[in-house]
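Kindly produce the complete structure, drawing on both the sequences and the hints.
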Amino acid sequence: MNLEAIAYVCYGIASAITIKLILDFVSSLYQFPPGPWGLPVVGYIPWIGKDPAKTFIKISKKYGNIFSVSLGGKAFVVLNDWQAIKMSIMDQPQTFLGRITNVTTNVATERKDVAFSDGPIWRVHRNLVVQCMKSAGIGKSAMEINVKSALHDLIEQLESSNNIPIEMSSLFFMPLMKVVWKLVANKNVKDANKEISSFNDDINCMFQQMGPDNLYDIFPWLRFIPPNDSRYKRFVKSTQKIKTYLTSIIKSHENKWIEGEENDFIDFYLSYMKREQAAGNSKPPYNSDYCMYSAFDMFLAAIETTSATMLWTFLFLLRNPEVLKKARKEMDSVVGRERLPCLDDYSRLPYMKALIMEVHRVATVGPLSVPHVCTRETRIGDIKIPKNAACLQNIYAVHHDPNLWMEPSKFEPERFINEKNEATWPPYLIPFSVGPRQCIGKSFADMFLKIFIAGLLHQFNFNFSNDHPEPNLERANGLTTHPYPYFLTFAVRKY
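Counting from 1, one number per residue, gives the positions in the sequence shown under the UniProt record's numbering.
Since the hints were made in silico from the structure, they are not lab data. Please note that the accuracy of each hint is not assured.
Straight-line distance between alpha carbons at most 30 angstroms, and here's what the computed DSSO-like set of lysine-lysine pairs gives [as the list claims (entries may be wrong)]:
no. : residue 1 : residue 2
1   : 494       : 148
2   : 283       : 134
3   : 326       : 494
4   : 58        : 274
5   : 326       : 420
6   : 420       : 442
7   : 243       : 283
8   : 326       : 86
9   : 140       : 243
10  : 442       : 274
What follows is the structure, given as structure tokens:
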């Protein structure tokens with residue numbers, strides 16, 4: 001065959017592939033709710049911008065609050081207001097339980113965790129993990145003691161800072177790691193060895209690689225092409241090291257495990273696992289692999305979102321000094337100056353409760369939910385949703401909807417205080433999503449935020465550093481939405 005003939009064959013194959021892609025793209029659009037067309041292969045990605053949640057709000061003004069958008073050739077249904085989310089995730093919870101598969105989650109979890117798996121095993125697994133978390137101390141006094149211990153360590157660090165500017169981005173990472181390590185494996189990170197320090201570095205690296213700009217989740221073939229290949233290799237290496245270390249921790253627990261002497265999440269998981277295996281059931285999730293990925297989930301669920309929420313809290317308080325003044329006045333009146341605030345105090349701290357709610361609302365560190373896959377064809381109102389459609393909740397749109405919130409751009413904790421001076425949590429405040437797939441880290445985050453925010457406000461005056469540019473409220477999108485790096489100075493309160 002001569003070169004000209006080969007060229008014609010190649011051209012014909014390329015044309016056929018292109019035509020098929022276009023036909024598949026157009027065909028898929030007609031199965032989904034109306035939305036912007038975009039382009040074959042890349043879909044709407046060229047116009048999605050740096051903040052997809054805000055872009056979706058603009059799209060909804062033309063197409064309504066349930067629309068579809070193609071991202072990298074895959075169509076997503078966007079649920080852009082509270083009513084759409086309620087009529088789907090809440091009113092039809094069993095229909096929207098599925099999860100999509102992508103490169104990142106497959107490498108990180110092999111779909112053996114709670115956050116990114118689905119199906120019959122997932123139901124059993126989630127109940128097991130929640131039970132183990134409760135048994136290990138989530139929501140109990142022992143957990144509060146661990147969080148307070150991490151707070152005391154941070155207070156000592158800040159007291160010795162001598163008003164030197166502190167870069168805030170990583171300030172809460174180690175306190176969170178201390179609490180999670182204690183919860184998961186009863187490890188004291190104060191005495192961290194090189195292995196734990198390396199693990200912490202790998203967790204941080206993994207978070208950095210899992211942001212929305214990892215295009216190999218949209219175009220999997222890009223992970224083999226520079227510069228994405230090096231980023232992908234770093235991600236694979238970090239996740240493998242994390243899993244190897246967690247596996248070794250679990251094996252050590254198995255060797256030392258004594259029934260009735262469980263101390264942490266892994267111990268309790270092993271307890272349930274051994275009980276089931278003794279009864280002849282060694283199927284998933286009752287094996288060490290699922291135990292390891294459950295522990296992996298604990299770090300994913302607890303650290304990044306809680307750290308981002310803390311960063312937004314301090315930024316909002318300095319931008320709204322009257323809110324900070326009210327919070328401190330309430331706290332000093334209820335708690336006094338002789339001790340640190342505790343969880344029991346929150347029954348008499350409605351403004352502090354409302355402050356945290358308002359941080360959740362305005363910041364919305366998880367602006368778009370992990371996609372829920374529709375397990376059967378259904379309808380949301382009059383709109384048909386095809387089977388296997390991936391649905392995104394635009395939580396940011398709900399939290400900034402002027403139909404739900406008066407002056408939504410304003411930071412105003414008072415919006416959550418009722419006429420009885422009680423802080424009330426409305427159903428459409430959904431920072432942890434809603435329904436059966438609500439984030440399992442909710443209780444952990446609630447306890448950590450209450451203790452750390454109240455404790456640091458009680459102990460310190462803080463301000464922007466004069467040696468660095470004053471930060472704005474611009475949103476940086478990564479694994480979560482967080483503020484751009486900023487510096488604060490801390491001084492012990494004298495009054």
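How the hints compare with the structure:
Distance check on the hinted pair: residue 494 and residue 148 sit about 21 angstroms apart at the alpha-carbon level, within 30 angstroms; holds. Between residue 283 and residue 134, the direct Cα distance comes to roughly 23 angstroms. Compliance with the 30 angstroms bound is thereby established for this hinted pair. Straight-line distance between C-alpha atoms of residue 326 and residue 494 comes to about 18 angstroms, which keeps the hinted pair within the 30 angstroms bound. The suggested pairing of residue 58 with residue 274 is violated, with an alpha-carbon distance near 53 angstroms, which exceeds 30 angstroms.
Taking the CA atoms of residue 326 and residue 420, the gap is near 17 angstroms; set against the 30 angstroms cutoff, the hint holds. This hinted pair checks out: residue 420 and residue 442 have alpha carbons roughly 26 angstroms apart, not beyond 30 angstroms. Of the supplied pair hints, the one linking residue 243 and residue 283 holds, its CA atoms being roughly 20 angstroms apart against a limit of 30 angstroms. Taken as a hint, the residue 326 and residue 86 pair is broken in the structure, with Cα atoms around 34 angstroms apart against an allowance of 30 angstroms.
For the proposed pair residue 140 and residue 243, the alpha carbon gap of about 28 angstroms is at most 30 angstroms, so the pair holds. Taking the CA atoms of residue 442 and residue 274, the gap is about 28 angstroms. The hint holds against a cut of 30 angstroms.
Taken one by one, the earlier hints fail for this structure at numbers 4 and 8, listed in ascending order.
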